[in-house]
Amino acid sequence: MPYINFKEENTVTRKQIEIRKKNNTKLYIELMKNRYNLEGYTPSKKYSYLDVVDAEIGKKGVLDENNFYEIKNEDIVCSKFTNCKFNNVKFTHCRFVACIFEGCSFGAGGVVFENCIMIKEDSEKLPSLNRKDNLSCEFNDCNIYAKFLGSDISFCMFNNCSIKDTYFEESSMRNVIIADSYLKMITVEDSDFCGLKVINTYIENMEFNDKNCTKFDEKTYFDKIPIKTKTREEYEGIYMIYQAIADKFKENSLNNNFGEYYYLCKCTQRKCVPFFQKILSGIYFITCGYGERPEYALLSSISIIIIFAVLYLFSGIDINNEIVMYNFKTIGNLNIGRLLRDLNETINLSVGMFGGVGFNTAKPTESSYMLSNIEMLIGILMMGVGIGTLTRKIVR
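Heads up, our numbering is the position in the sequence shown plus 2, with the first residue counted as 1.
By construction, these hints were calculated from the structure, which means they are not laboratory data.
Ideal placement from N, C-alpha and C gives every residue a C-beta, glycine not left out.
Errors might be hidden in some of the hints.
Here are the simulated distance ranges between beta carbons [claimed, not checked]:
{"no.": "1", "residue 1": "Asn-145", "residue 2": "Pro-276", "range": "18 to 28 Å"}
{"no.": "2", "residue 1": "Leu-392", "residue 2": "Gly-358", "range": "10 to 20 Å"}
{"no.": "3", "residue 1": "His-95", "residue 2": "Gly-63", "range": "22 to 32 Å"}
{"no.": "4", "residue 1": "Gly-152", "residue 2": "Arg-234", "range": "30 to 40 Å"}
{"no.": "5", "residue 1": "Glu-72", "residue 2": "Arg-234", "range": "43 to 53 Å"}
{"no.": "6", "residue 1": "Gly-390", "residue 2": "Glu-72", "range": "53 to 63 Å"}
Kindly produce the complete structure, drawing on both the sequences and the hints.
Have a look at this one:
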């Protein structure tokens, strides 16, 4: 059985989005009521408690990072930006509290978030001891070209966003949800992906450029990447993304999660390899699910036993010194009772040959020796494959 139930994970994540939005709305209303008593923050007079529409923030053109418009040490609280353009902007040591970005564009030369925080963990309600609100920011229908450096964007939500050429370096993305979006040319370096959820999102080229290790945990989840063009190039790109995700789970000693994405990687890779390799990959898939599906070995073994049982009917078996050998002429004269009796004998013989324990009442004729030898060899191999696959899963 698969370790990850993708359908269930997607349903749970959708519910989390709704719950988180309701929580953010509730906390947003409370903050607006107590805006003058907000502890630990100094709301920016220029950017806080605003509903900004169709504004352009930054500098025009495509500029180098050294020439960006810098917004530094600002607490941007409870602001909503709608259809705004952020061009060539660098946010440094800024804190964003309950901010919503709707239909915004972060483009031109890009936007940098350096040492910024987009989550308010502490609660304004009393008693506040051991209580965390986790009030986060939302990005809806946004186009993002950005760099997150040493920033904390935990619990943020990205809905229907296009995130391209974006770099996450030493940033915390704990419990971030990315839904119904498009990711292209994403680079991650030494960041925290614990609890990250990515659902119904097309990913085109994502790599981990770690010096240490990006953190994953058992709650980290990437949905299956939807297939669009069904070209060889697309399959190659997707299987490499699955491979990168699988390797990162393995680096974090999460072998069960690794196995699931390794399985997806191999299934996708099979669709873009040369014909001969595709045949070998198909056999690997059918017999044990690339080492991740022990039940496939059982189902394959049962299928092989039944196939050989039918073949024995045509190649010939000896039942108590009576030769039974079907052909297309004799099949038409058979009754159901005789067919079931003979099939029962051939299945019994096939099981014995497959398990390498020999035969009982029925035995192969001379014309069936080669067939029985082949089945015995296949049976030995399949038992090894099945035991190996099962042992691999148990050891994990």
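Next on the checklist: I'd like to know which numbered hints this structure contradicts. Please list them from smallest to largest.
Outcome noted: Of the numbered hints, just 1 does not hold.
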